[in-house]
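There are 2 protein chains.
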Amino acid sequence: MDWKEKTLNLARNAKRASLNGLNFPEGSKDIFLSRLAGNLEGKRKEIIKANSTDVAGAVAAGCSAAFADRLRLDNERIGKMISAVELVKKLPDPVGEKIWETERPNGLHIERVRTPIGVIGIIYESRPDVTIEASILCIKAGNCVILRGGKEAKNSNRILVDILKQSLEEAALEKDVVNLVSAGGRKAVRYLLSLSGYIDLIIPRGGESLIEAVVQYSRIPVIKHYKGICHTYVDKDADIEMALSVSFNAKVQRPGTCNATETLLVHREIADSFLPRMGELFKKAKVEIRGCPETRKILPYSARAFEEDWMTEYLDLIISIRVVDSLEEAISHINRYGSMHSDSIITGNAESAEKFLKEVDSAAVFHNASTRFTDGGQFGLGAEIGISTDKIHARGPMGLEELTTYKYLVYGHGQIRE
Amino acid sequence: MDWKEKTLNLARNAKRASLNGLNFPEGSKDIFLSRLAGNLEGKRKEIIKANSTDVAGAVAAGCSAAFADRLRLDNERIGKMISAVELVKKLPDPVGEKIWETERPNGLHIERVRTPIGVIGIIYESRPDVTIEASILCIKAGNCVILRGGKEAKNSNRILVDILKQSLEEAALEKDVVNLVSAGGRKAVRYLLSLSGYIDLIIPRGGESLIEAVVQYSRIPVIKHYKGICHTYVDKDADIEMALSVSFNAKVQRPGTCNATETLLVHREIADSFLPRMGELFKKAKVEIRGCPETRKILPYSARAFEEDWMTEYLDLIISIRVVDSLEEAISHINRYGSMHSDSIITGNAESAEKFLKEVDSAAVFHNASTRFTDGGQFGLGAEIGISTDKIHARGPMGLEELTTYKYLVYGHGQIRE
Numbered sequence: 002m003d004w005k006e007k008t009l010n011l012a013r014n015a016k017r018a019s020l021n022g023l024n025f026p027e028g029s030k031d032i033f034l035s036r037l038a039g040n041l042e043g044k045r046k047e048i049i050k051a052n053s054t055d056v057a058g059a060v061a062a063g064c065s066a067a068f069a070d071r072l073r074l075d076n077e078r079i080g081k082m083i084s085a086v087e088l089v090k091k092l093p094d095p096v097g098e099k100i101w102e103t104e105r106p107n108g109l110h111i112e113r114v115r116t117p118i119g120v121i122g123i124i125y126e127s128r129p130d131v132t133i134e135a136s137i138l139c140i141k142a143g144n145c146v147i148l149r150g151g152k153e154a155k156n157s158n159r160i161l162v163d164i165l166k167q168s169l170e171e172a173a174l175e176k177d178v179v180n181l182v183s184a185g186g187r188k189a190v191r192y193l194l195s196l197s198g199y200i201d202l203i204i205p206r207g208g209e210s211l212i213e214a215v216v217q218y219s220r221i222p223v224i225k226h227y228k229g230i231c232h233t234y235v236d237k238d239a240d241i242e243m244a245l246s247v248s249f250n251a252k253v254q255r256p257g258t259c260n261a262t263e264t265l266l267v268h269r270e271i272a273d274s275f276l277p278r279m280g281e282l283f284k285k286a287k288v289e290i291r292g293c294p295e296t297r298k299i300l301p302y303s304a305r306a307f308e309e310d311w312m313t314e315y316l317d318l319i320i321s322i323r324v325v326d327s328l329e330e331a332i333s334h335i336n337r338y339g340s341m342h343s344d345s346i347i348t349g350n351a352e353s354a355e356k357f358l359k360e361v362d363s364a365a366v367f368h369n370a371s372t373r374f375t376d377g378g379q380f381g382l383g384a385e386i387g388i389s390t391d392k393i394h395a396r397g398p399m400g401l402e403e404l405t406t407y408k409y410l411v412y413g414h415g416q417i418r419e
Numbered sequence: 002m003d004w005k006e007k008t009l010n011l012a013r014n015a016k017r018a019s020l021n022g023l024n025f026p027e028g029s030k031d032i033f034l035s036r037l038a039g040n041l042e043g044k045r046k047e048i049i050k051a052n053s054t055d056v057a058g059a060v061a062a063g064c065s066a067a068f069a070d071r072l073r074l075d076n077e078r079i080g081k082m083i084s085a086v087e088l089v090k091k092l093p094d095p096v097g098e099k100i101w102e103t104e105r106p107n108g109l110h111i112e113r114v115r116t117p118i119g120v121i122g123i124i125y126e127s128r129p130d131v132t133i134e135a136s137i138l139c140i141k142a143g144n145c146v147i148l149r150g151g152k153e154a155k156n157s158n159r160i161l162v163d164i165l166k167q168s169l170e171e172a173a174l175e176k177d178v179v180n181l182v183s184a185g186g187r188k189a190v191r192y193l194l195s196l197s198g199y200i201d202l203i204i205p206r207g208g209e210s211l212i213e214a215v216v217q218y219s220r221i222p223v224i225k226h227y228k229g230i231c232h233t234y235v236d237k238d239a240d241i242e243m244a245l246s247v248s249f250n251a252k253v254q255r256p257g258t259c260n261a262t263e264t265l266l267v268h269r270e271i272a273d274s275f276l277p278r279m280g281e282l283f284k285k286a287k288v289e290i291r292g293c294p295e296t297r298k299i300l301p302y303s304a305r306a307f308e309e310d311w312m313t314e315y316l317d318l319i320i321s322i323r324v325v326d327s328l329e330e331a332i333s334h335i336n337r338y339g340s341m342h343s344d345s346i347i348t349g350n351a352e353s354a355e356k357f358l359k360e361v362d363s364a365a366v367f368h369n370a371s372t373r374f375t376d377g378g379q380f381g382l383g384a385e386i387g388i389s390t391d392k393i394h395a396r397g398p399m400g401l402e403e404l405t406t407y408k409y410l411v412y413g414h415g416q417i418r419e
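As they're listed, the protein sequences go chains A and B.
In this note's numbering, each residue's number is its place in the first sequence (first place is 1) plus 1.
In this note's numbering, each residue's number is its place in the second sequence (first place is 1) plus 1.
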């Protein structure tokens, strides 16, 4: 079989398994997760060995230190995978939940219940922990997965998928619930993205260029987890101590994450009292400031912000700062330059907060809290497969419920349409 | 300006209007709908005149009678449009509805509320009533629309869009809430489908080839309303009188609709007692029967069903009939050949019904009722923009709620992430 036939076969098998999976035996998904935790624990050495082959290969091919770090699996990271498996096992099963029901005048009883989506394709880069983390969430929600990871992680992904398949079989589930596409390079990805008869949803996990390529070629619905150009807006009615603490946290606590703030907007009336103290805090934390002309008058040590800065996800200890004339200007800056991810207003004025929360067109909008809270765990969703910047199907942190769809069950006693 | 600039400008204006629309003044959408009903009433003559130019043009160009009929607007159809406007006005506004909330241990209060999706592109064929019906549902859910109808309906669409814009202005809403793309032919459609920065969702309304072309070129999420290959399965434990009445209704009551049954599956054990009576009823109603070999033994006057018949949406007085050995065979026939639209089991056995409802992978699954009930109005959703055969975002009848997304509102008092 060539790569094309192999990929088609695999997609067909996944579809068949997903149809069987509409009636997974009670409890079998959690047995699978128990077995998986145990098997990962028992095979730590083999996983690390397979992974070290990948890391050595990538280093020999001249990859960056950051790339090698994302690729590496050590005991700590395997421990985190196992914890994730145990966490997902504890989450309630979303499948079968009745989310709406009605009784019609003709006596038809109609229910809307959550069901698995079917087959979900995950296209990702070099992080092999995605192999486990994405699979367990998809499977707990009753779905089958087709995984396509970066070629640099091929040995790591192969052993992890073997462990997934073994755990499925130990739970009396079909091993075709999880599938790894390994042959065919980019052509295989494009081909996969054309198989709309077998795959129901594609979730790309990775940088912007990966996501754009997937969107360009896919005939299957895609849920995008784009970048986070997040804002904190310090309103004229802000409590200054709170504004300092929240803005600092939003930028500095973990700057490499998508929910870290990249741009600080400051109302003109509070700029003189707020910005000098904010600037000092950022300076001490070695945050580079790129300011608008107004900001640079107050913080002469800051660099100049160019138009491009407002559109940049630094993922680093860099912040752009802009002084605005009004709440309206802050909102329109965010809707123009932001990525519809997470934005916060710091204000003591409830009316301004309501306007901001209503008119900022983002997945998560905060009043007096750090943008860093946008996260499935922090929101109480249990776990997340990512943070959707799309508006269709799932917005913001995407947990188990967002990995389901629904169907209508209609109960009658012979009703016909007049 | 050339067509490209015109289209880009229009998309930009729609996006701007949609951002303003996140805070539409209370009640203004319903004022718009009142004005629209009045204006359609007042301009019946002008609408019919513009439409007759279109119909004359299409007939002169040699269109079919069915095509001319879909294109035609008469007093009755305008009356139906006005009724639809009045119905949608009465429906509750979905925007702002709180669909979930939680209080986190750190004191963050998190709400998930319904919001408009933003800008929705409707791409359709020659039916000018879609111009009104799609627009009013999108706008009631707080969205802006970009309409692209068939060129044969251009005069009808122009006057209807003028009336929409006039009604928006009378309600103090921006006229850019509704936009009609009229220049540029197919190139304009392809270009429109690339404008993912301005358009949030595409809903194609029309035949399979239109939908496939849209899916092929779109970089914007698409919700598909594909064909309906619907099944009625008469189980061995069916009440025969009920099976006759429901199966007849599902095929004959309105065969041209997507929720009409195209294939009847009959359990072997009931075939001898059920099929002869069913065949008589169909014969009387001039329904052409295409049967499997088993069916043809019992109904010798039926034609032969070929493999292709199981995959055909007849939309006509034709039915394919297949005798199956088991419930499982019925389910796997439906999952293989169906279009995941609407399927029904007729049985007195509750366990068989549960299995069918769980394992048939369709948007609506019925027990002892006609597939013809899959419809937003019949389901109590008020109105529908169509019936989604997708699993992402909306499945089955797509009403006002399905034309919204949600956002997270997070209320804090200075919380930062540790």
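I should point out that these hints are in silico values taken from the structure, not numbers from a laboratory.
One should not assume that every hint holds.
Identical chains blur together in the list; that is why a pair holds if it fits in one copy or across any two.
Under the rule of at most 25 angstroms between Cα atoms (straight-line distance), these lysine-lysine pairs were calculated in the DSS-like manner [stated by the list, open to error]:
| hint | residue 1 | residue 2 |
| --- | --- | --- |
| 1 | 90 | 5 |
| 2 | 7 | 287 |
| 3 | 176 | 359 |
| 4 | 176 | 356 |
| 5 | 285 | 298 |
| 6 | 99 | 359 |
| 7 | 356 | 99 |
| 8 | 155 | 356 |
| 9 | 90 | 359 |
| 10 | 298 | 99 |
| 11 | 46 | 359 |
| 12 | 287 | 152 |
| 13 | 99 | 5 |
| 14 | 298 | 225 |
| 15 | 99 | 7 |
| 16 | 176 | 287 |
We went through each hint and held it up to the structure:
1. 90 with 5: Neither. Shortest intra-copy (35 angstroms) and inter-copy (52 angstroms) distances fail the 25 angstroms Cα cut-off.
2. 7 with 287: neither (52 angstroms within a copy, 47 angstroms between copies)
3. 176 with 359: Answer is between; shortest inter-copy Cα gap is 21 angstroms, intra-copy 46 angstroms.
4. 176 with 356: between (51 angstroms within a copy, 23 angstroms between copies)
5. 285 with 298: within (20 angstroms within a copy, 89 angstroms between copies)
6. 99 with 359: Between. Shortest inter-copy distance 13 angstroms satisfies the 25 angstroms Cα cut-off; intra-copy 30 angstroms does not.
7. 356 with 99: between (34 angstroms within a copy, 17 angstroms between copies)
8. 155 with 356: Cα proximity of residue 155 and residue 356: none, with 49 angstroms in one copy and 40 angstroms across.
9. 90 with 359: Between copies only: 23 angstroms across chains, 36 angstroms inside a chain, cut-off 25 angstroms.
10. 298 with 99: Classified as neither: same-chain Cα gap 58 angstroms, cross-chain 44 angstroms, threshold 25 angstroms.
11. 46 with 359: Cα proximity of residue 46 and residue 359: none, with 52 angstroms in one copy and 42 angstroms across.
12. 287 with 152: Neither: 37 angstroms inside a copy, 60 angstroms across copies.
13. 99 with 5: Close neither inside one copy (40 angstroms) nor across copies (47 angstroms); limit 25 angstroms.
14. 298 with 225: neither (39 angstroms within a copy, 54 angstroms between copies)
15. 99 with 7: Intra 38 angstroms, inter 47 angstroms, cutoff 25 angstroms: neither.
16. 176 with 287: Answer is neither; intra-copy 50 angstroms and inter-copy 49 angstroms both fail.
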